[in-house]
Amino acid sequence: MNAFQDQKTIKNQRVFDRISTRICAAALVLVLLLAGTGFAQRASKIIIGGIASTTAWLPGDAATPLSSGGTYPTLNNRFILLFDFEIDEALSAFASLESYQGNSPVFYAIGLNWRLSKSPDLLLRAGKFPAPFGNFLPRRYDSENALIGRPLAYFYQHNLSATVVPESYDELLQTRGSGSGNGYSNTQQNGEGMRFFGREAYISGLQLLGQMNRLRYGIAVTNGAFSTSANTNHSDRFNIAGHVQYMPMLGLQIGASFSSGAYLETDEASYQTGYSYKKTEDYRQTLVGADLSYSAGHLELWGEFLRNSYGSPYLIDKLGTNSWSAEAKYKINARIYLAGRWSTLLFDNVPDENDVDSDGATRESWDYDVSQLELGFGYRIHRNGYAKLTHRLNRTHDAPNGDPADDVTALQLVVFF
Amino acid sequence: MQNTCSLLGALLSLSFFLPATLWSQATGTVEGRVALTQNLRESSEIASRQIIRQYSVTSGKFGDAINDAVETPPAIVVYLKSNSATSPVAPRSQPYVIMDQKNERFVPHVLAIERNTEVRFLNSDSIYHNVFSLSQAKSFDLGRYPQGKFRAVKFDKAGLVKVYCDIHTHMSAYILVLDTPYFAMTNDDGTFSLAGVPPGEYQLFAWYGRWQSRPISVKINAAQVTIAELTFP
Chain G
1 MNAFQDQKTI KNQRVFDRIS TRICAAALVL VLLLAGTGFA QRASKIIIGG IASTTAWLPG
61 DAATPLSSGG TYPTLNNRFI LLFDFEIDEA LSAFASLESY QGNSPVFYAI GLNWRLSKSP
121 DLLLRAGKFP APFGNFLPRR YDSENALIGR PLAYFYQHNL SATVVPESYD ELLQTRGSGS
181 GNGYSNTQQN GEGMRFFGRE AYISGLQLLG QMNRLRYGIA VTNGAFSTSA NTNHSDRFNI
241 AGHVQYMPML GLQIGASFSS GAYLETDEAS YQTGYSYKKT EDYRQTLVGA DLSYSAGHLE
301 LWGEFLRNSY GSPYLIDKLG TNSWSAEAKY KINARIYLAG RWSTLLFDNV PDENDVDSDG
361 ATRESWDYDV SQLELGFGYR IHRNGYAKLT HRLNRTHDAP NGDPADDVTA LQLVVFF
Chain U
1 MQNTCSLLGA LLSLSFFLPA TLWSQATGTV EGRVALTQNL RESSEIASRQ IIRQYSVTSG
61 KFGDAINDAV ETPPAIVVYL KSNSATSPVA PRSQPYVIMD QKNERFVPHV LAIERNTEVR
121 FLNSDSIYHN VFSLSQAKSF DLGRYPQGKF RAVKFDKAGL VKVYCDIHTH MSAYILVLDT
181 PYFAMTNDDG TFSLAGVPPG EYQLFAWYGR WQSRPISVKI NAAQVTIAEL TFP
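As given, the protein sequences belong to chains G and U, one line each in that order. Here my numbering is used: the first residue of the first sequence is 1, the next is one more, and so on. Here my numbering is used: the first residue of the second sequence is 1, the next is one more, and so on.
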């Protein structure tokens, strides 16, 4: 494994991110002040929302990408403040400020909405915003999520890295199950793996949202692929993402999504591979998705399929993954609901010419296939508060020494306003 | 034969209308006005779900215009409680009432009903709503149903029922379930009229949301109009 990192470039990038975030924050404050001093032509309206949650995790013994493992329960706290400031009929500012485990709050989203047209509905959004993709991201908040966990595609940290590029299939295969730092290998790649959607896939750029009769759509041009937006927001990258949704009848929504962008965090890919004509931007993360949701009475159903692939400088095959998830929520009465979600991640096979796991197979999945069933119920304590209790059955296929004991029980309290 | 039928019909009609007529002659009316000392507008500008919907890729910030309804003065509930434990009760006139969901609002915002009245929650919007309440007087969740349909709830316990929409956080309404049939809503100018009240001593209340007036004593006389003024809140 050649662990090259252009630390200077990454450092500069992070400085740029901090500066751009501060510029956005200053712009928001300026907009608020202008509106507050009568600049706006009509009465302005500010909407403030908040979500606070605390989650107790009771993991199984084994530490894997699906569980931190250990004997003792862990506690996670998250606090989110949401702002929407309507400056006039056409213009509004938005922001989402999030704090995790008591750390300094971070602007996950900040920007401006400009309504171009009311009929047909057309809205232009500029700034940092959640990615237009699929049907889980819009309900990722703890107040909207019927369960405590997420579909595997939205939190699993696989073994491919944005900074440590595998030079061969052997190197990649040796790090299977180690992307999160919890797991099966002690190589230097531990903890360097990516999520398919890093930090909720908040990305900076421009987004166009529209609606025509039963068709809704959102298309975004941004500066970061979904995987790499956790730590960086490359100013020189180009990513395109979009979601279109068709509603044939009330309660039924059929959607399709697409995203493609450069995901590597280093600019040295061309030197390493020897292909000087190849740039880092040529190695892309491409996502294609289909989603379905239905609701009627006390029942809500969601389903999603994702096809993800990465180009990697030293590897001939693209590294593909298929993901499915299906979820249901049923309200028994005003206070109690039941929910369940099944999801799976299946990694494409790549050549295993040197039989790294000594099982005789000449092709192996580039990370371990995983599946998960999460079952639980929620209790509505208050109009603006839930208690949830869930249990996750985690399965890792073909892992060394069999399926690890990494099931997780979790209890969550969430309040929102 | 035809004459006999006509006679029977006339007698039946008479038997139907006579008690009501006699009742109205034996009852009195209380009229008056509720004076407001401050703006009672209820704010719903705090709503995380509303913003989340705006962030949502496919919902955008659409549909907000329908919330810009013209504000009207609050309709305040005025009701009477008898000082006597065994006061006569007027015939119930409404077996059910309708609370509509229109332009992402509950209409009316405040509803007063007598105990054991059925409320039909109609959906007049082209989108889903999900009416629910966690109040002690009545807890229910009606789920999602399409435009033009309704779900009914019978309120068999007196008290305040706060009603919400599980999908649209900015939607809320109050249902005041009363143990008395003598109640009315104020008009836009704050005036009210309560007719058909049996003579006797009563306490007159005014109520709106979290505000409640101090009761005043009124005496109702048969076939007379009693004038009452309430300052509120």
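Some clues are possibly wrong.
[What the hints assert, rightly or not] Covered stretches of chain G, as calculated for chain U (at least 3 residues, CB under 8 Å):
#1 140 to 149
#2 283 to 297
#3 332 to 338
#4 376 to 383
[Unchecked claim] With a straight-line cut-off of 25 Å between C-alpha atoms, the simulated DSS-like cross-links for lysine-lysine are:
#5 U/Lys149 <-> U/Lys81
#6 U/Lys81 <-> U/Lys219
#7 U/Lys162 <-> U/Lys102
#8 G/Lys118 <-> U/Lys154
#9 G/Lys279 <-> G/Lys329
#10 U/Lys102 <-> U/Lys154
#11 G/Lys329 <-> U/Lys219
#12 G/Lys45 <-> U/Lys81
#13 U/Lys81 <-> U/Lys157
For the record, the hints were derived by calculation from the structure and aren't laboratory data. Positions of the beta carbon are idealized from the N, C-alpha and C atoms, including for glycine.
Tested hints:
no.	hint	result
1	140 to 149	holds (count 3)
2	283 to 297	holds (count 3)
3	332 to 338	holds (count 3)
4	376 to 383	holds (count 3)
5	U/Lys149 <-> U/Lys81	35 Å, violated
6	U/Lys81 <-> U/Lys219	11 Å, holds
7	U/Lys162 <-> U/Lys102	18 Å, holds
8	G/Lys118 <-> U/Lys154	40 Å, violated
9	G/Lys279 <-> G/Lys329	46 Å, violated
10	U/Lys102 <-> U/Lys154	21 Å, holds
11	G/Lys329 <-> U/Lys219	55 Å, violated
12	G/Lys45 <-> U/Lys81	41 Å, violated
13	U/Lys81 <-> U/Lys157	16 Å, holds
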